[in-house]
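Chain by chain, the residues:
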Amino acid sequence: MMSFLRTTLLFWRTYLPRVLRARRTLIVALGFALLPLIAYVLLKVVSHGPSPIEAFLYPSFIMLLSVLVPLAAVITGSAVISEEVDDRTITYLLTRPISRASILVGRWLASATVLLMLTAGSVGALKVVVESQAPTWKKAEPRTVEWTNRRGEKRTRVIDRDIPQVFLDAMPEGKLPDGIFETILIAAVLGSAVYSALFAALGTFNRHPMIVGLGYAFAIEGFLANLPGSSQSLTVQFYLRSLLVNENPELWKLVAEAQLQEPDPTRTALLTLAAILVGSLALGSLVISRRQFVLSA
Amino acid sequence: MSALVVADKVGCWYGQVVGLSELTLTIEGGITGLVGPNGAGKSTFLKLVAGELRPARGEIRVLGHAPFANREYFARVGFCPQQEAIWDDMTGLEAVEFLMRLHGYAPAEARRRANAALDRVGLLDARTRRTGGYSKGMRQRTKIAQAIAHDPELVVADEPLNGLDPVGRAEIQRLFAELGASGMNVIVSSHVLHEVEALTPSIVLFHRGRLLAQGPVTEIRRLLSRHPRRVELRSRDARRLAAALIGLEPVSSVRIAADGRISIETGDVERFFRELTALAPRERAGIRSVESHDANLEAVFDYLVG
Numbered sequence: 001m002m003s004f005l006r007t008t009l010l011f012w013r014t015y016l017p018r019v020l021r022a023r024r025t026l027i028v029a030l031g032f033a034l035l036p037l038i039a040y041v042l043l044k045v046v047s048h049g050p051s052p053i054e055a056f057l058y059p060s061f062i063m064l065l066s067v068l069v070p071l072a073a074v075i076t077g078s079a080v081i082s083e084e085v086d087d088r089t090i091t092y093l094l095t096r097p098i099s100r101a102s103i104l105v106g107r108w109l110a111s112a113t114v115l116l117m118l119t120a121g122s123v124g125a126l127k128v129v130v131e132s133q134a135p136t137w138k139k140a141e142p143r144t145v146e147w148t149n150r151r152g153e154k155r156t157r158v159i160d161r162d163i164p165q166v167f168l169d170a171m172p173e174g175k176l177p178d179g180i181f182e183t184i185l186i187a188a189v190l191g192s193a194v195y196s197a198l199f200a201a202l203g204t205f206n207r208h209p210m211i212v213g214l215g216y217a218f219a220i221e222g223f224l225a226n227l228p229g230s231s232q233s234l235t236v237q238f239y240l241r242s243l244l245v246n247e248n249p250e251l252w253k254l255v256a257e258a259q260l261q262e263p264d265p266t267r268t269a270l271l272t273l274a275a276i277l278v279g280s281l282a283l284g285s286l287v288i289s290r291r292q293f294v295l296s297a
Numbered sequence: 001m002s003a004l005v006v007a008d009k010v011g012c013w014y015g016q017v018v019g020l021s022e023l024t025l026t027i028e029g030g031i032t033g034l035v036g037p038n039g040a041g042k043s044t045f046l047k048l049v050a051g052e053l054r055p056a057r058g059e060i061r062v063l064g065h066a067p068f069a070n071r072e073y074f075a076r077v078g079f080c081p082q083q084e085a086i087w088d089d090m091t092g093l094e095a096v097e098f099l100m101r102l103h104g105y106a107p108a109e110a111r112r113r114a115n116a117a118l119d120r121v122g123l124l125d126a127r128t129r130r131t132g133g134y135s136k137g138m139r140q141r142t143k144i145a146q147a148i149a150h151d152p153e154l155v156v157a158d159e160p161l162n163g164l165d166p167v168g169r170a171e172i173q174r175l176f177a178e179l180g181a182s183g184m185n186v187i188v189s190s191h192v193l194h195e196v197e198a199l200t201p202s203i204v205l206f207h208r209g210r211l212l213a214q215g216p217v218t219e220i221r222r223l224l225s226r227h228p229r230r231v232e233l234r235s236r237d238a239r240r241l242a243a244a245l246i247g248l249e250p251v252s253s254v255r256i257a258a259d260g261r262i263s264i265e266t267g268d269v270e271r272f273f274r275e276l277t278a279l280a281p282r283e284r285a286g287i288r289s290v291e292s293h294d295a296n297l298e299a300v301f302d303y304l305v306g
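These protein sequences, in sequence, are chains A and B.
Take the first sequence: its letter number 101 is residue 101 in this note's numbering, and every next letter is one higher.
Take the second sequence: its letter number 2 is residue 2 in this note's numbering, and every next letter is one higher.
FYI, nobody ran anything at the bench for these hints, they're computed from the structure.
Don't take every hint at face value.
Which stretches of chain B does chain A cover? Using the computed rule of at least three CB atoms under 8 Å from a CB of chain A, they are [as the list claims (entries may be wrong)]: (1) 50-59; (2) 74-87; (3) 102-113.
Glycine included, C-beta positions come from ideal geometry on N, C-alpha and C.
Turn these sequences into a full structure, and let the hints guide you.
Right, here's the structure in full:
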């Protein structure tokens, strides 16, 4: 009988190329590709759009952490066990002399590896796009638009955008401020790992983990994470946002101020995220070790 | 020799549906065939034997183990499940080799065993093709290969002949016979009696989640042939044939329909067919077709259950 670690490694090695080839990986990759694309459009196409640092911070905060990471984690994490159940191939794995927990952990590791690569690639591409556009970016001059309304009266409007000085001063040499890229990278990668572990565990006891996972990520977390008050600390989002705000408070607070209650210290946030990850995998391992999977022929 | 499988008042339910009910059964070593119509409980029983399910009531022991989630037991058993599924994006060789790695074999040994097993089931040439492109029969062979590649003491095969052409069936039946002859224990299920009969004289009959009968196939056949059966015949000269059929001892009634079909009832179908074979050339009635409509297992089993 193989040890847990050896079996886990075998699952990881066997499933890594399969996850890379999977259609859902392509869908997730396309989703992550939107992040640098949106930053490019904001800086290059939108007149009176955001400054380069804003084009980095807002997509990272609103799109990456709140939408892309949970969504990608639902798509990849929920498939870890439910794919074997839906394909009715789990029988071959459950009737082998191995620890059942290694099926969950090994398959999750393969999915998480790919997810983390995509997440890191997306954040890296965002950095490249923002830093490549920053040297040529200039705040647009105010523009006056004139028009005549239906009653024949002349109207004017000044189009301008008030950008906080801290944002305008943030990238004097076209480079992101120290630590900002690393912080968002760590938060996104941790978020991907934690969410995917959570949804992988969900797949061990729920027949439709993707539907339940989507409901959790966007209905429950989406609501609680943006509700003022201590209920935010019930969400993964809160701890990810805490990491950001603690490391670069002067920038992130402007972005996250409306959403965030007083952040937890970095150490507490990291420990809580680690506890959710380990706890999810432990719970999933316990369930898969005891549960019988009833498959139709 | 101690019993291979001992089931004691085993019950298993799928929600409100009964899979097995109060099943008490002992299976000795060698090749054993499980027979019963669809929904009889064969697959549920085999899943319990294979350790995929655990009984809701009672106890089952196989090779001295409680099978469910028992790693020590899984090293000694090979399971060929009923479902066709196998990883579509893997080749037959990759799939079997991966499963052998899960048995703890080193990469080279796992590959050697996978190749040998695929060769044994006649799939050596197709082993490097993705299973997604396999026919139903090839998938069936791959499933059998993964069940025997680690030389288990017991092979549990659920409807392993499904999807195979007649030549394939004969080959796999021969393979199971060889496994049995080599000392491996085999439990194989089918809803077709003669398929199992070709493999082993030791039969277990299931019906509606219960054990119906267990014993040598000759005894079971005798039971089955007593089932009153309706046989329909078409011939060139229906009246002449009907008159001849009335004279046969196993025939209890003969009717001729308006379209010329002859419908007979018999209490001993085997004897009827024997006598019909002798009668047909003698009477020159030009028999065009013979159909036994209620010869399916469901009807026979319903009769046996009473």
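8 Å C-beta criterion, at least three residues: is the stretch 74-87 of chain B covered by chain A: With 10 residues in contact (Cβ-Cβ under 8 Å with chain A), the coverage given for the stretch 74-87 of chain B holds.
task: Apply the coverage criterion to the stretch 102-113 of chain B and chain A: a residue qualifies when its Cβ sits closer than 8 Å to a Cβ of the chain, and three qualifying residues are needed.
output: Answer holds; 3 residues pass the 8 Å Cβ test.
message: Tell me whether the statement that chain A covers the stretch 50-59 of chain B is true, taking a Cβ distance below 8 Å and needing three residues at minimum.
response: holds (count 5)
Of the hints listed earlier, there is not a single one the structure fails to meet.
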